[in-house]
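Student: In the order they appear, the protein sequences are chains A and B.
Under our numbering, the first residue of the first sequence carries the number 3, and numbering increases by one thereafter.
Under our numbering, the first residue of the second sequence carries the number 3, and numbering increases by one thereafter.
It is worth saying that the hints were derived from the structure and are not from the lab.
Computed from a predicted structure; not experimentally measured.
A few of these clues could be false.
[Said to hold, decoys possible] Computed footprint of chain B on chain A; a stretch qualifies when at least three of its residues, placed anywhere within it, have a C-beta under 8 Å from a C-beta of chain B:
hint: 1; region: 28–42
hint: 2; region: 53–62
hint: 3; region: 141–153
hint: 4; region: 252–260
hint: 5; region: 263–275
[Said to hold, decoys possible] Subject to a maximum C-alpha distance of 30 Å in a straight line, what follows is the list of computed DSBU-like cross-link-like pairs (lysine-lysine):
hint: 6; chain 1: A; residue 1: Lys83; chain 2: B; residue 2: Lys191
hint: 7; chain 1: A; residue 1: Lys35; chain 2: A; residue 2: Lys83
hint: 8; chain 1: A; residue 1: Lys54; chain 2: A; residue 2: Lys83
hint: 9; chain 1: A; residue 1: Lys191; chain 2: B; residue 2: Lys54
hint: 10; chain 1: B; residue 1: Lys54; chain 2: B; residue 2: Lys83
hint: 11; chain 1: B; residue 1: Lys54; chain 2: B; residue 2: Lys191
hint: 12; chain 1: B; residue 1: Lys96; chain 2: B; residue 2: Lys83
hint: 13; chain 1: B; residue 1: Lys254; chain 2: A; residue 2: Lys254
hint: 14; chain 1: A; residue 1: Lys83; chain 2: A; residue 2: Lys96
hint: 15; chain 1: B; residue 1: Lys54; chain 2: B; residue 2: Lys35
hint: 16; chain 1: A; residue 1: Lys191; chain 2: B; residue 2: Lys35
hint: 17; chain 1: B; residue 1: Lys96; chain 2: B; residue 2: Lys35
No residue lacks a Cβ here, since even glycine has one placed at the ideal position from N, Cα and C.
There are 2 protein chains.
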Amino acid sequence: MTSERPVRIAVDAMGGDYAPSEVVKGAVEAARKGGVEILLVGDQAPVEEELKRIGGPALPIVPSEGKITEEEHPALAFRQKPRASVIVATGLVKAGRADAIVTIGSTGAAMAAATIILGLFEGLERPALGGPFLGLAPGTVVLDLGSNVDCRPSQLVSFAVLGSVFARFYLGTENPRVALLSVGAEEAKGNRQVREAIPLFRESGLNFVGNVEGMDLFTGRADVIVCDGFVGNVLVKFAEGLGAAMAGYIRKSLAGRLPDREVEELASSVWGLTNIARKTGGPLFGVNGLVVVGHGASRAEGVAGAIETARRCVELRLVEALRDELARVRERVKL
Amino acid sequence: MTSERPVRIAVDAMGGDYAPSEVVKGAVEAARKGGVEILLVGDQAPVEEELKRIGGPALPIVPSEGKITEEEHPALAFRQKPRASVIVATGLVKAGRADAIVTIGSTGAAMAAATIILGLFEGLERPALGGPFLGLAPGTVVLDLGSNVDCRPSQLVSFAVLGSVFARFYLGTENPRVALLSVGAEEAKGNRQVREAIPLFRESGLNFVGNVEGMDLFTGRADVIVCDGFVGNVLVKFAEGLGAAMAGYIRKSLAGRLPDREVEELASSVWGLTNIARKTGGPLFGVNGLVVVGHGASRAEGVAGAIETARRCVELRLVEALRDELARVRERVKL
């Protein structure tokens with residue numbers, strides 16, 4: 003990337019529940035706002051049609067063929083559909099024709115494309131998923147949120163490094179406090195994975211503040227909380243379920259006691275407090291290139307939010323910072 | 003236990019944040035309601051004084067010396083304070099002088115006393131913690147909730163058996179559907195522990211319905227959801243934190259829009275939906291004797307609730323049913 007031209011973003015126009023219409027709409031919104039150049043990647047005819055229907059700027063289309071759905075096995079689909087939108091879009095980043103890819107399609111497919119086409123930082127086995135995941139604690143970064151379900155202790159250190167750089171660069175947190183998610187603050191508590199990770203965290207040079215517990219995702223005791231992807235995935239889905247159930251409870255409890263509109267507003271804000279990642283998307287961590295994944299149910303606004311996230315990450319040179327810092331820590335800890 | 007006399011319960015009068023006063027009060031309430039005989043176990047003078055102050059029935063006191071606090075290492079405290087209330091009370095069960103012990107003191111101490119004095123069912127390494135833990139899903143039993151942080155797959159089967167018997171006997175669920183908590187419904191997903199447990203679950207004769215995800219703690223897709231104690235503990239504390247944060251959000255959002263009393267009612271019911279176990283206590287699973295542990299912050303009502311839980315478990319012959327069923331499944335699966 004050079005600083006003379008705006009950030010160029012390849013948007014997977016075929017991914018997501020409302021593709022291509024909402025994706026194209028979101029991309030047009032982002033392009034109108036400025037600061038980015040968009041390349042729409044998708045089946046030529048339907049994407050062109052959407053563009054015409056919206057009557058927006060004539061965004062360039064990079065043609066691809068078909069899409070990889072959530073139901074398909076990512077690696078298999080990768081071989082069977084080599085011209086699928088997410089693959090072509092990721093290829094644009096590899097070729098230097100785009101600075102980032104944004105997709106709200108299958109996360110598994112985005113991860114497979116990222117891993118195979120762009121490659122991972124040394125020492126990682128899969129990209130990590132993470133970021134601030136709760137509206138109730140927007141400054142607390144948690145990872146891994148579902149990608150690495152079986153982790154060696156050294157992988158947890160890598161996640162901590164990635165989360166720490168993200169907190170510093172993207173959220174502006176100075177000297178982020180890093181913690182391991184455990185069942186008690188005491189070092190002797192925790193499962194084997196956590197207990198074995200502690201000495202590595204101490205050696206890492208990270209601002210390691212020890213172990214935290216489940217409630218500390220809300221208490222601000224740490225800026226970066228690290229767990230394996232099994233625990234992270236269960237937590238994300240549990241929070242979503244709890245938020246939905248709470249919203250339902252609030253709707254029922256307040257019906258008739260406040261105006262309908264106010265009840266609905268409160269219920270949906272309660273839901274939103276447990277679902278922050280759905281709004282703006284987040285980067286795949288550990289990839290040699292910027293891949294931002296948003297939620298499949300995003301509408302145009304969510305797509306535009308994910309594009310904005312990607313733009314900021316590119317301008318902050320996030321990928322380079324993540325890679326450099328991980329290499330530095332790996333040197334120190336011998337991960 | 004014979005059916006001719008009421009259930010006899012040893013109550014640890016020294017455990018909990020408001021001991022002995024709230025514990026004695028709760029025990030007196032339970033005794034007044036009938037159906038149980040109470041033995042108060044604690045330091046003679048303060049317990050006698052509380053009884054006098056309340057002016058209730060003259061409950062028998064079994065004297066003990068001191069208590070084990072949350073801060074102490076359970077096994078160490080066990081040796082240093084052999085006359086502590088929870089140890090003496092557990093001893094009454096071992097000696098056949100009580101049918102159950104109820105404590106709202108340190109869970110670790112109760113588990114140590116249970117393990118050392120009463121012993122565990124064959125094949126278990128520690129008692130398991132579990133039960134319905136969310137007011138939003140009162141019929142869904144989850145275990146282990148924090149005791150066994152590193153589990154072999156076979157232990158997960160044991161938890162499933164214990165949870166299944168509890169659901170059948172205590173909650174009246176016919177043929178409870180048992181599921182493994184994982185990161186996706188597909189068998190190929192999940193961490194190694196889950197993937198290795200699946201064939202054992204299939205052989206077990208349990209009504210195994212496969213894997214469920216974090217949101218399914220609310221969806222009723224299974225009656226018994228099994229996870230290791232690390233995941234369970236993180237979930238319980240996360241739910242508590244989320245409930246508290248939600249309650250705070252609701253207080254703030256509704257202030258001035260509804261009468262204060264109604265706002266407070268809604269906020270505290272929201273909090274309560276994530277904290278059901280605090281109200282009534284639950285048994286330690288896998289112990290050769292009935293030990294019911296309630297939350298340390300319980301007031302008299304919570305203590306009386308835990309006593310009622312214990313009474314029901316004794317009358318249902320829960321411990322015998324748990325032990326018999328686990329032995330049967332261990333025979334079948336060769337755990």
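Student: Indicate, hint by hint, whether the structure satisfies it.
Tutor: Taking the hints in turn, this is what the structure says about them:
1. 28–42: Check failed, 0 qualifying residues.
2. 53–62: violated (count 0)
3. 141–153: holds (count 3)
4. 252–260: holds (count 5)
5. 263–275: holds (count 5)
6. Lys83/A <-> Lys191/B: Given that 30 Å is the threshold and the Cα spacing comes to 23 Å, the pair holds.
7. Lys35/A <-> Lys83/A: violated, 33 Å
8. Lys54/A <-> Lys83/A: Holds, at about 27 Å.
9. Lys191/A <-> Lys54/B: violated, 42 Å
10. Lys54/B <-> Lys83/B: holds, 27 Å
11. Lys54/B <-> Lys191/B: Distance of about 60 Å is beyond 30 Å: violated.
12. Lys96/B <-> Lys83/B: holds, 18 Å
13. Lys254/B <-> Lys254/A: Holds: Lys254/B and Lys254/A sit about 19 Å apart, inside 30 Å.
14. Lys83/A <-> Lys96/A: Status holds; Cα separation ~18 Å.
15. Lys54/B <-> Lys35/B: Status holds; Cα separation ~19 Å.
16. Lys191/A <-> Lys35/B: violated, 41 Å
17. Lys96/B <-> Lys35/B: holds, 26 Å
In summary, the numbered hints that this structure violates are 1, 2, 7, 9, 11, 16.
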